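Asker: Dock chain B against chain A, hints included.
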Amino acid sequence: MEKGIKILLLEQDPDDIELLEVHLKQGGWQFHTHLVQTRGEFESALASLRPDIILATYSLPSFSAPEAFRLCQQIAPEIPFIVVSESIGEEKAVELIRMGVTDYIPRNNIAQVVPSIRRALHEAVSRRQKRITKIKLKRSEEQLRKIMDLSLDVICTLDQESRFITLGAASKSVWGYAPEELIGTRSLDLVHPEDREKTRQAMADLLQGTDLTDFENRHIRADGRAVPLIWSAHWEAGEGLCYCIARDATPIKQAAEKVLRSEKRFRSLLQHSNDGLTLLDAGGQVIERSPTALKILGLREEETWGRFRTDLVHPEDLGLVLRTCTRVRKKPLASCTIEYRMRAKDTGYKWIETTLHNLLEEPAVGAIVLNFRDITRKKLDEIALRENEVRLRQAQAIGHFGFWEMNLPDKQQTWTPELYQIYQSSPEETPASFENFKSLIHPDDLPGVLKRFEEAETSLENGFVSFRLQTERGGLRHVVSEWQFEKDEQGRPLRVIGILQDVTARRLDQIALLQSEARLKEAQAIGHIGSWELNVTEGTVFWSEELFRILGANPAVVQPSIEAFTTYIHPEDLAFFQSTMQQILHEPKNEDYFSIRIVRPDGETRYINTSSQVELDSQGRLARYFGTLQDVTEVKLAEMALEQSEQKYRNLFNFSPTPMWVYDAQTLAFLDVNQAAIRHYGYSKEEFASMTLRDIRPKSEIPKMEQVAFSLKGATDTFHGTFQHLTKAGELIEVDIQSSSLLIEGRKARLIIANDISERVRYLQAIQTQNARLKEIAWTQSHVVRAPLARMMGFIDLLRQVPPEQSQESNILGFIQASARELDAIIRDIVKKTEQIKDHPNQEAQSEK
Amino acid sequence: MSLQVILVDDDDMVMYLHKMLARLSGLAANPVCFGDGKSTLAYLTAHHQADSQYLVLLDINMPEMNGWDFLQAVQHTRFADALLVIMVTSSIDEADREKAREFRQVVTFLEKPLNVETCRQILHLPELKARMENNTNFQSPSL
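Protein chains in written order, with the numbering used here: chain A, 39 to 887; chain B, 112 to 254.
Keep in mind that a hint or two might mislead.
Stated by the list, open to error - Incomplete in silico selection of chain A near chain B, CB under 10 Å:
1) Y281
2) N692
3) V823
4) R824
5) P826
6) F833
7) L836
8) A856
What the hints assert, rightly or not - The following residues of chain B were derived to be distant from chain A, with all beta-carbon distances above 12 Å:
9) Q115
10) K149
11) Y154
12) A157
13) H187
14) E213
15) T219
16) K240
To be clear, the hints were calculated from the coordinates, so they are not data collected in a lab. A quick note: this is a predicted structure, and the numbers were derived from the prediction, not measured. Cβ coordinates follow ideal geometry from the N, Cα and C atoms, glycine included.
Only chain A is shown next, with the shape it has when bound in the complex (with noise of 0.2 Å):
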């Protein structure tokens, strides 16, 4: 201890601090005492000191030790407080002890002071501790409890049974109960009835340690209501507690419905209205599609391949649509009405008014939203509308022609009413003359008009010219003049009659049929398509643009006619052809399609088809044929590379010299097989029909076979592998199997190329089989030779270790002599047996089989 002990000494005795000091130094550590002998002196020691430990007499003069831990324990409960007196006697002691003193030490005992003190300054040490730790635990509460209180979310603890440990605030202001109205009864009976069960469940599993959260069940608040909860909830198994915070969910499901209604709201919109509706999204992607739109658009769900058919709108449209959908598209907010054809089902193309509304950027919607309508009929109204106008126009101007008159010496005119009404004037305002004529004339054609009439005054020829007016009420019109000369007897022009005709109704339509012939040259041009028509009342024979061009014919010099087109036909194909026309000459049919081939003048070949149709007169014969001719030859040539590369593999399948099959990759069922797999099997390809793979193997290998057949999924999976097959009559044979995978006609098939090893097999048996014997015949002969080679050497040795007499005796020579001939006659017999395995080791498998 640093600073030294603050000893607090109530004592009176010099004798007794002395001796107390003494130990107190012994105890080894610093101390001060302050010595104080009053109740007073003790009083304001205790405040101005706070000394670490008291230690007192008995008794004063005028204090006693139960006084001073009296007011002690009033002051500064916390300090240690021993009594140190002379003996007291049990009694007084007993009382000290169970008033609280720390300790009492007899004087006969003073050595015990010191560790009495320090067990005291020990304890102080801890209680003080043991308090700062108090104080904080109860302002962690104290917050805890301000936590609970002013969240808006009930936090609460509940026990096993569910009933309420601790309840914040808010209980009040969500369920209508005060926490002290809640706290000991079980918030399973605050349940909805309806959500008892499944509340108890999550309780439960919740018990067993699951978590849990966005757990919703409703309460039933003080005043009867339902209110809706969301629960996070956490059980505690060591405290026997569960944490749960319960929040009010009233405003997220009242702002869920409100979406979901409005949501519904938009739906049903969609659902109902006439109008086709269909969002889509930056990328062209349909998100949504009411079913009006589908009906609108005559497609089925299937049909729409989630996107814009941008592929059914007329070739015409299609600009607009795609010039519009992009205008849309880049700016937000944007919106644009279109008109135009969409191709339907059967029935042709249908007028569609589209509305298209950027609304990306509008977080409710965020999709281009489009509102279809069928417009066909009004379409189909307004055409037929401006086709009756025409025709009323016509009909006017059929009428619409005036004659007029030219002296010509003098060059006096004269003009009918007829022809005044197409000047829209009358003689007073504009006096028939050449000069007034000339002024009604539009003055771009005016120069030559001028021309032609010179040109007419100086050849005398009659003639035409057709030329614009420009009349005051009429506005622009179409005439055409036609005159004739009238002459003397000596030839001398007299006189010119004319005959002006508006022809304006008719020039719009001229000049509308010849922008139709464009676009359909156009479109004949594009898909190489040509038109002919054959008018047998007429006489006449009309070839399109196109036509020319497919058959390198020049319009300039060939003369439509079928003879014409004949001279074009591919000789081959000739005889066809002309059989057809004879055909349908006389028995006219409709919907007529056939194929040829013509020759270029360059020499080159094309393919077309031609499709006809007859119109037949009012007695059934033929009145007009036409019909249009299509160059595919681009197409033509491909299918034939197709056909002829398809011809090839079939014919490597069919002629290949080793037998190959196709088989049903699930039912092993032969879907194919080659020549040669009919040869080598002796299966008819009738019988090799009803047949699978497991027919042509002994019972034996079928099991080997299914678990390749079957373990084969993949398209990648070849196979190599040699198996035993069985033919028809019953051979059995070696067969080396390479399998790989193709589909056909979307069914998994399998490729099987079969070769048949068993004469391979045999062949190396029979090599076995030969080396075999070879070895066996060295192996013999070489002990046969060696045996008399053998007994020879051992004689010979014998008789250099024999004296020569026993050798005579013996008849050792006669022995080698007997073995030397043996010996040869074995060397001989050799020869001749290794002269007769000459044979070719085939020849002689063969011979053994």
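Answerer: This is chain B only, laid out in the frame that chain A set:
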């Protein structure tokens, strides 16, 4: 106890040669001779005494009962442990050596022709020596 030398070979000339060599080398003064396995087996069955020991020089290729068949037949007889066998063959095959390992009686292989020297070496084979040490009655051959 005595160690009797038995020669088994179907070739009379070989037999003569071997008998001479046995004598010359001191292996046996009067070896017993048989032309095939069968008669050897018959002899042993008839004459075997409890304390007898035999050294058999056995040819492999023989009619009636060849060397291997003889060894096979010997295995379960009461004299199975009394035999020591030396295979004598005109050409030693590795397969024969392999086969011989199945029979505990086979001591070694010798290739024909035998001579005095090889016969003397037989006397120094460790297996034979072991038997001879236990065999008090074995009469050391005299040259």
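Asker: Does each hint fit the structure? Answer for all of them.
Answerer: Outcome of the hint check:
1. Taken as an interface hint, Y281 of chain A does not check out: its beta carbon lies about 84 Å from the nearest beta carbon of chain B, beyond 10 Å.
2. Look at N692 of chain A: its Cβ only gets to about 55 Å from chain B, farther than 10 Å, so that hint breaks.
3. At a threshold of 10 Å, the smallest CB-CB gap from V823 of chain A to chain B is about 9 Å, leaving the interface hint in force.
4. Taken as an interface hint, R824 of chain A checks out: its beta carbon lies about 4 Å from the nearest beta carbon of chain B, inside 10 Å.
5. About 9 Å separates the beta-carbon of P826 of chain A from the nearest beta-carbon of chain B, less than 10 Å, and the hint is met.
6. Interface hint status for F833 of chain A: upheld, as the beta-carbon distance to the closest one in chain B is roughly 6 Å, under 10 Å.
7. A hinted interface residue such as L836 of chain A counts as satisfied when its beta carbon comes closer than 10 Å to some beta carbon of chain B; here the least separation is about 6 Å, so the hint holds.
8. At its closest, the beta carbon of A856 of chain A sits 7 Å from a beta carbon of chain B; the interface hint therefore holds under the 10 Å criterion.
9. Against chain A, the non-interface label of Q115 of chain B holds: every CB pair exceeds 12 Å, the least being about 23 Å.
10. Residue placement check: K149 of chain B keeps its beta carbon more than 12 Å from all beta carbons of chain A (closest about 21 Å).
11. With 12 Å as the threshold on Cβ separation, the claim that Y154 of chain B sits away from chain A holds: the shortest Cβ distance comes to roughly 24 Å.
12. Annotated as non-interface, A157 of chain B keeps its C-beta farther than 12 Å from every C-beta of chain A; the closest such distance is 30 Å.
13. Distance check on H187 of chain B: its Cβ is at least 30 Å (rounded) from any Cβ of chain A, clearing the 12 Å threshold; non-interface status holds.
14. Even its closest Cβ contact with chain A, about 21 Å, leaves E213 of chain B beyond 12 Å, as expected for a residue assigned away from the interface.
15. Once the 12 Å rule is applied to beta carbons, T219 of chain B is consistent with being away from chain A; the minimum gap is 17 Å.
16. Residue-level check passed: K240 of chain B sits 25 Å from the nearest beta carbon of chain A, beyond 12 Å.
The structure fails hints 1 and 2 (numbered hints given earlier, in ascending order).
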